[in-house]
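A.B. asks: Given next are the chains, with one letter for each unit.
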Amino acid sequence: MNGNGVSLSRWIGILVKEFIQLKRDRLTFGMIVGIPVLQLILFGYAINTDPRNLPTAVRDADPGIFTRSFVAALENTGYFRIVSRPATEAEADGLLARGDVQFVVTIPADFTRRLMRGEAPELLVEADATDPTAVSNAVSAVQKIALTALSRDLAGVRARTPTPTPTVDVRVHRRYNPEGVTAYNIVPGVLGTILTMTMVLMTGLAMTRERERGTFENLLSTPALPIEVMTGKIVPYIMIGLLQVTLILLAARWLFHVPMEGNLAVLYAIMLLFIAANLALGITFSSLARNQLQSMQMTFFFFLPSILLSGFMFPFRGMPEWAQTLGNLLPLTHFLVLVRGVMLKGSALPELWVHVWPIAAFMVAVIAIGLRFYRRTLD
Amino acid sequence: MNAPESAAAIDVHGLNKHFGDKHVVRDLTLQVRRGEIYGFLGPNGSGKTTSIRMLCGLLTPDNGSGTCLGFDVIRETYEIKREVGYMTQRFSLWEDLTIRENLDFVARMYGVAARARAVRDAIDALGLGDRRDQLAGQLSGGWKQRLSLAACMLHRPQLLLLDEPTAGVDPKARRDFWDQIHGLAGQGIAVLVSTHYMDEAERCHRLAYMFEGRLLATGTAAEVVASACLVAWAVNGPDLAALAAALRARPGVLQVTQFGGTLHVAGRDAALLEAAVQASSADPRQRWQRIEPGLEDVFIDLMQNAANGRPS
Ligand SMILES: Nc1ncnc2c1ncn2[C@@H]1O[C@H](COP(=O)(O)OP(=O)(O)O)[C@@H](O)[C@H]1O
Ligand SMILES: [Mg+2]
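Chains as they are written, first to last, in the working numbering: chain R, 1 to 379; chain S, 1001 to 1312.
It is possible that some hints are incorrect.
[What the hints assert, rightly or not] A few chain R residues that don't get close to chain S, going by computed Cβ distances all over 12 angstroms:
#, residue
1, Ile14
2, Ile65
3, Gln294
[To be verified] Examples of chain S residues toward chain R, derived with CB under 10 angstroms:
#, residue
4, Glu1079
5, Val1084
6, Ser1092
7, Glu1095
8, Arg1115
9, Ala1151
Because the hints were derived from the structure by calculation, they are not lab data. The beta carbon of each residue, even a glycine, is placed where N, CA and C say it ideally should be.
Required output: the full structure, derived from the provided sequences and hints.
C.D. replies: Set out below in structure tokens:
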């Protein structure tokens, strides 16, 4: 016997028990696979939506034949529904600002003249990018017609041009969303929110379940130490978390073709840390809560700010300073930056460190609180 | 690291426990010797479970002091947990683990040497060899009790704290259980066992009766009966229900209890009781007889006294 020290054999015992119980708990197991799949389908649907007939304003300063066929081509793509023809820039801005239209297409005064000269006139497409997924397909459609639509009309005029070169220089301005959140950015968000939600919730229930079933009394009457019980309960869920993450990453790759610029091992290391931090929080919640309901309430109390203030819902830099300060305390905020960095920018660990340590610090703090409030007796 | 040698397995003084305003255990003073089976009786809610939990470190007493197996009940709860086997009143093993998995887990928690063998032996001793892979939650009440007992004895504790271990268990299983307990006591193990069964109380070396958090009587069954100074009569014959009603109205009659064709009448004052019996024995078909009061009569009397004497 090694006095009051931590015992590896006891710890393994707790681990084995948790694994067996998890294996037999169909509902939780279903949740583990079900929640990511459900959320992916929901978001995947959002990513894949190809909204058409988007309200569009056309301000054409050059009512010529090319303008007319360009606008006709625009409508033929099916993405644009011309609802307004503002005369001035201010009027057009107003339409966009109020959300009356999703796009403003501005055709410059010298459009026809420059086309005839064989130059590529500038065409400005301003998009309300607050819903980035709605915009991207439409924008690429504009680019395509710029390449093809006018070539028929121009065939006679510019016979000397054998291959279709871009006839129009399409300039796209995404407004109201300086970070330009795109479909790709949603995958890190889905990863982060699913992990936060399921990890905190599942471990949050782990200890309160023992208490409600009366088995906590048995556990307490054995010499098992709080740290052994807490960490022993965390480890199986780490595996679950990694399983979820892998599911999401595979879907991201094959369904949504999200690029993977950085190192996969680095990505997994980050996720491991994030998972552990959330599990620690869940265990701590369940030490604090009296029953499963309270534990669930705490989870949602934590989940809401995580969603709202982490930069998942709103661009982080667009938030007021106090909200950013709060957001910086949340692991999800740093996780989003880290995952976007690794997946989309190919960042490596040294540059990521500034966002790694806050997650680690959060975890240590939470475990300390959990151990402090772990009930060593039934009082 | 062995427990310090001391004659008493349990030796506590003046333990108190409040839950909020409720004074649940009052000045509990208790000595249980090694090799002794100590019965713990009392109505539901009297504080037995709370007392047992204080003894094994699951609840911290508000005040008082004492030792379990020589370890301080307030400071050395870790050591106590390692040496004591505690069987909870409610089944508290994991219903979603099999019999073998439950025993294996418990054995791991206590660091039982040669674990696999100990678990196998325990299963064989239970006679559950062919059902070892059945989920504990699917066992019947009696089997759950036996499994719990096997689990809390896996690490060969020197002191067993058993909280209503035979509640809902059939008579044969109860008898087997008590034979086993006596076997263990014979090996020097101390057993504190709470129960509601009088026949079980009589199989204990000594017992204590608790009511509203206070120990009202302690000692051997004979001592407890003697100290109550009760007098009792038994009547056989017809029309006992009417007789019972008449007797209850008489002064000096404290308890009237019917057992099938027999009525037991008990009181403290022998003369008053005798008078009541004389006055009621008009029917010649009813035959009267002096008897020794039973433990149950004594406990009910203790409870009534305490309830009457209580300032309200
Ligand atoms: N954790 C607790 N919180 C509040 N009251 C409790 C708690 N545990 C027991 N009690 C109360 O203490 C009293 C004694 O309970 P208990 O020790 O379980 O009695 P017994 O085991 O003799 O039936 C009861 O009135 C019960 O309601
Ligand atoms: Mg009880």
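A.B. asks: All hints, please: hold or fail.
C.D. replies: Here's how the hints hold up against the structure:
A cut-off of 12 angstroms between C-beta atoms contradicts the statement that isoleucine 14 of chain R is not in contact with chain S; the least separation is 8 angstroms. The claim that isoleucine 65 of chain R lies off the interface holds: its Cβ sits roughly 77 angstroms from the closest Cβ of chain S, which is beyond the 12 angstroms cut-off. Non-interface call for glutamine 294 of chain R relative to chain S: holds, since the shortest CB-CB distance, roughly 19 angstroms, exceeds 12 angstroms. Evaluation of the glutamate 1079 of chain S hint against chain R yields a held restraint, the C-beta minimum of about 9 angstroms falling below 10 angstroms.
Interface restraint check for valine 1084 of chain S: the shortest CB-CB distance to chain R comes to about 8 angstroms, inside 10 angstroms, so the restraint holds. The closest approach between the C-beta of serine 1092 of chain S and any C-beta of chain R is roughly 4 angstroms, which is under the 10 angstroms cut-off, so the hint is satisfied. The beta carbon of glutamate 1095 of chain S comes within 7 angstroms of a beta carbon in chain R, closer than 10 angstroms, and the hint placing it at the interface holds. A hinted interface residue such as arginine 1115 of chain S counts as satisfied when its beta carbon comes closer than 10 angstroms to some beta carbon of chain R; here the least separation is about 9 angstroms, so the hint holds.
The interface hint given for alanine 1151 of chain S is met, as the beta carbon of that residue sits about 8 angstroms from the closest beta carbon of chain R, less than 10 angstroms.
The structure does not agree with numbered hint 1 stated previously, though it agrees with all others.
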